[in-house]
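Take a look at the letters that make up each chain.
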Amino acid sequence: MAHAPIAPSDGTASWRGLSRSGLIRAGLVLVFLLASVALLAPWIAPHSPLTQFEAGLDRDGMPRPPSLRFLLGTDSLGRDVLSRTLHGARISLVVGGVAMLAATAIGSMVGLLSGFFGRWVDASLMRVTEIVMALPALLLAIAFAGLMDGRVAHLHPGFLPMHFLDLKLERGLVGVLLVIGLVSWTGAARVVRAQVLSVKEFEFVHASRALGGSSVRILFRHVLPNVIPTVLVLATMNTAATIGLEAGLSYLGVGVPPPSPSWGGMISEGQPYLIVAPWLVLPPGLAVVTAVVAFNLLGQGLQDALDPRAGAR
Amino acid sequence: MKGFAARLLWSALTLLGASLLVFSLARAVPADPVAVYAGPQADAETRARIRKEMGLDDPFWQQYLRYLSHAAKGDLGKSIVTSEVVSEAISTRFPTTLALSVGGVIVWLAVGIPIGLLTALNRGRRVDRWALVVSMIGISLPVFWLGRMLQYELAYRRGVFPVAGLQSWRHLILPSLTLGLVGAGYYARLVHSSVSDALNQDFVRTARAKGAGLQRVLLRHALPNALLPLLTVLGADIAGLLGGVVFTESVFALPGMGALAVQSVLNLDVPMIMGTVLFAALMVVAANLIVDLLYRVIDPRIRA
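Chains as they are written, first to last, in my numbering: chain A, 1 to 313; chain B, 1 to 304.
Just so you know, these hints were derived from the structure itself, not from any lab. Here the structure is a predicted model, which is why all the values come from computation and not from measurement. Please note that the accuracy of each hint is not assured.
[Unchecked claim] Residues on chain B that point at chain A, a partial pick, calculated with CB under 10 angstroms: (1) L25; (2) L68; (3) S69; (4) R148; (5) A239; (6) V251; (7) V270; (8) I273; (9) M283.
[Said to hold, decoys possible] Pair by pair, the computed Cβ-Cβ distance ranges are: (10) Y64/B with D60/A: 32 to 38 angstroms; (11) P42/A with A164/B: 47 to 53 angstroms; (12) A35/A with R216/B: 49 to 55 angstroms; (13) I44/A with G39/B: 55 to 61 angstroms; (14) T290/A with R216/B: 41 to 47 angstroms; (15) I44/A with Q62/B: 57 to 63 angstroms; (16) L228/B with Q52/A: 54 to 60 angstroms; (17) D60/A with L118/B: 48 to 54 angstroms; (18) P65/A with L228/B: 51 to 57 angstroms; (19) L9/B with P42/A: 53 to 59 angstroms; (20) E203/A with L228/B: 31 to 37 angstroms; (21) R49/B with L50/A: 42 to 48 angstroms; (22) W43/A with W130/B: 36 to 42 angstroms.
Where is the CB? At the ideal position from N, CA and C, for every residue including glycine.
Excised from the complex, chain B in its bound form:
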C-alpha cells in the first residue's frame, strides 16, 4: 500500500497545482468581477470600495493563499451574481451530474463490450467492418446535436422517454444514452483489440485444446485480458466525460453541475466558475484514484 500513499499525496499536489492554475487564469482574463458585482451604473468610488472589499487590491499571493485556506475548509466563496454559496450550489447539483455520468459509463460498457466481443470473433468479416464504420461515426457525433435529435425523435415524437427536466430516474435514461452512445464505439474497438490479442495467445489456445467451450474461453480468459486496458482508458476518460455531461445537461435541462458552470460563465460569475472547475478537477483526481485502487485489486503484479 506504500505506492498508494504516494499516489494519494501526488493527487493532493495535483489539486493544489490545478487550483493555482485556475486562480491565475481567473485573474489574468479581462472579465472584471467588480464590474459584474457593481453593475453598469456604479461610479468609480463604489467600484473602488467593492474592489477593496473583495480583496482584489491585495498582492496576488495573498489573494491566492486566502482563497486556498477558505477552500480547504470547504468555503469556495459566494456567487457575485446570485449570492448563492458556491459550495452549496455545487453540492445540490452534484448528485444529478454523478448519476448522469454513471449512466453514461454504463452505456459505454453495455454497448461497447458486446460489440467488441462480437467483432473480435468475426474479425475482418462484414459485421466487423460495419461496426468499425459505425464506431467511427459514433465517436465523431457532437453530443449536443445527437441529444437534440434523440430528444426530438424518441421523446417528443414517439413519447418513449420524458422530454426534459428531472422528475424521476426515467428522465435520466435518454441523457445517459446520448452521453454513452458517443463514446461506446471507442470502447468497442478497445475490447475488440484486447480480446483479439488474447484469442491469439498460447494460454487461450491451450484452454481451447483442453476442450474449453468458446463461452468459457471468452469469459474466463479473453475478457479479463481486456479489463486492464479498459480500466486505464476509463480513468483517462473521466475528464472528457464531464465535457459531455455539460452538453447533455444543457440539452435535457438537467439541473447538474455542467448547467451550473455554463450559466455562471454566461453571467461572468468568477467565484462560481472557479468553484465548479476546481470541484470538477477534484472529481477527476478522485476517479483516477479509484481506478488506481481497482488496478491493484485486479492485477496482483502491482500489489506487491
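Isolated chain A, as found in the complex:
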C-alpha cells in the first residue's frame, strides 16, 4: 500500500518485549545507516550514478551482470546499479523528509487549532479534513504530480556547500514534494486533534485558564509541549509513508524525472529486463523496503515508548 498504516499499539508483552529488545534501536540503526549513505553517496559510490559506461553494456547492448568492476551489475544504459542505488537514498530521504515535514506541519496545525478552539473552527476544519480523506491520496497525488508538468523550478540551495545534495529540484521534484505534502496531512490532523482534546482537560490547563492565562499562552505553553511526542511518532511514521509514496509516483512515471536515480524510477526502468537481468530491480526494491521498514520500526518503537497505556500494563 502506498501509505503504510499506523500499526495499532496494544502494549502487549510481545510489542513491549520487542521494543525492549530493540525496536527503537533497530529502527535507529537503519535510519542512521540510510542517512549516512545518503550523505556520503558521492564518496562511497564506486562510480557516478549518471555515467553510461561503454563497458557497462555487452556486445548485444544488454546490461552486464554483477562483476568486480560493477558490483551489482549495470542497467540498460550501462550505468552502475550500486552507485545509482546508493545515490537513490538521497532522493528518497530528501523527498520523504521534506514532504513529511510539510504534511506533519499542516496536519499538526489543523489538529491543534481544531482541537483547541473547538466549535465552528473545529467543525469547519474537520469537514475539510474529511473531504480530503474521501479523495484517494495516491490517485490525487498521481493526478496532480502529472498535471504539474511543464513547471520547472530550479531550486538550487546555493547557501549550502558542495552542491549539498546535487539535486536539481525540477518539475517533478517540486511537484512531488508539494503533492505528497498536500495529500498526506489528514491522519496527523485527526490524531493531533484527539490528543489536544485530552490535554485540554488536564488540571494544569484548567488552572492556567483560571489564573487568567490567555488562549495563545495556554496553547503554546501547555498544550503544544504535550502534543509534541505524538507529533514525533506521526512524523516518523509519515516519513515511511512519504518514502513509499515517492517511490510509487516515480515508478508510475509522474515522480522524480529521469535520469535521477530514484528507487521507484529504477524499478520501473529495470522491469522490462526482469527476466534477463533481475539485478536491475532487486537492489532498488530492497532499498525501498529497508527505508520504509526503518521508519516504521522507529515510529512503532517511539509509540510504544511514549504510549502511557502501554507503560501502565
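Chain A is fixed; fit chain B onto it per the hints.
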C-alpha cells in the same frame, strides 16, 4: 435510522466538497487542456477558439456549476485525447477494479484473522515475535515491487498463475494476493490486540470458568470483540486500497480504473483525470456508508 439519514446527507456534502477541490486543483495546475487538445502545431487563433468552445473563458464559478450540473446527470465530459466518454470509460473499467479490491480485502482478512488469533493465543512466544517482524516488513513492501517479484516467480517461472491480462477469474488471483499481502500484517496486529484484550476480560474468564472450550470462547466471545475495530479500520482503508489497486493494475496489465487514471495523467487528459478521481471519491464515500450501516447492524448500542 435518523442518524443514518444525517450520514447520508453528510456524504453528499463531502462529495460536493471533493468536487470543488478537484475542480479548483485542475484549474490551478500548469497543465493546459487547450494545448493538449489542439496539439503542438495549432496557431493562436485556433487555440483561442478551442478555449472558448471548452468554456474556459467563463468565470470559474460558472465553469464549476456547469461541470457540477452535468456531473449530476452522470455526464463527466469527454476525453480530450481519445474522445472517449468519461462516464463510459469508467463504467467499463469499474468491475475489474471492484473485483480486484474485493479480492484484496478477502486476502487481508483470510491472512490477517488466523495470524491474529494464533499470535494472540501465543503472546510473547517466538511465533508471535516472528509474526510481528514479518507483519512489519509486509506493510513496508511497495506493492508494485512485490507484484513484479510474485509475477516473475509464481507466474513466469513456475507457471502457477497467468502472467498478466484479464481473460478469466484466475487472472485476478495473483493481483489480489499482491494487494492483500501488503496490508494483511496490519490486520493481523489489529486482530491480535482486540482478541488479546478480550481474552483478558471478565466475561471471557467467566465463560472459561463455566467450562466453555477454547474454540467456543474464541469464536463466540473473543472474535466478535475484534469485529468492530476491524470494520472501522476497513472503512478507513478503502481509500488506501484504491492506491494499491493503481499499482497492481499497472503491474498485471489489468484494464481497471487505476490503469485508466495513470494513462490519463500521462496524457494530461484533464476531464478523464477529474472523472476518475471524483468517481474514486464516490466509491470511498459509498464504502464508508456501507461500513456505517454494518456498524449499526452489528452494534446494537448505535442503533438506538
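Verification of the supplied hints:
1. L25: 6 angstroms, holds
2. L68: 15 angstroms, violated
3. S69: Since chain A brings no Cβ nearer than about 20 angstroms to S69/B, farther than 10 angstroms, the hint is violated.
4. R148: The hint holds - R148/B has a Cβ within 10 angstroms of chain A, the shortest such distance being about 6 angstroms.
5. A239: 5 angstroms, holds
6. V251: 8 angstroms, holds
7. V270: At 7 angstroms from the nearest chain A Cβ, V270/B passes the 10 angstroms test, so the hint holds.
8. I273: Nearest chain A Cβ about 5 angstroms off; hint holds.
9. M283: 8 angstroms, holds
10. Y64/B with D60/A: 32 to 38 angstroms: 56 angstroms, violated
11. P42/A with A164/B: 47 to 53 angstroms: 39 angstroms, violated
12. A35/A with R216/B: 49 to 55 angstroms: 52 angstroms, holds
13. I44/A with G39/B: 55 to 61 angstroms: For G39/B against I44/A, whose Cβ atoms are near 47 angstroms apart, the range 55 to 61 angstroms is violated.
14. T290/A with R216/B: 41 to 47 angstroms: The hinted range 41 to 47 angstroms holds for T290/A and R216/B, with Cβ atoms some 44 angstroms apart.
15. I44/A with Q62/B: 57 to 63 angstroms: Distance hint for I44/A, Q62/B holds at roughly 58 angstroms.
16. L228/B with Q52/A: 54 to 60 angstroms: 57 angstroms, holds
17. D60/A with L118/B: 48 to 54 angstroms: 51 angstroms, holds
18. P65/A with L228/B: 51 to 57 angstroms: 53 angstroms, holds
19. L9/B with P42/A: 53 to 59 angstroms: 58 angstroms, holds
20. E203/A with L228/B: 31 to 37 angstroms: 32 angstroms, holds
21. R49/B with L50/A: 42 to 48 angstroms: 44 angstroms, holds
22. W43/A with W130/B: 36 to 42 angstroms: 38 angstroms, holds
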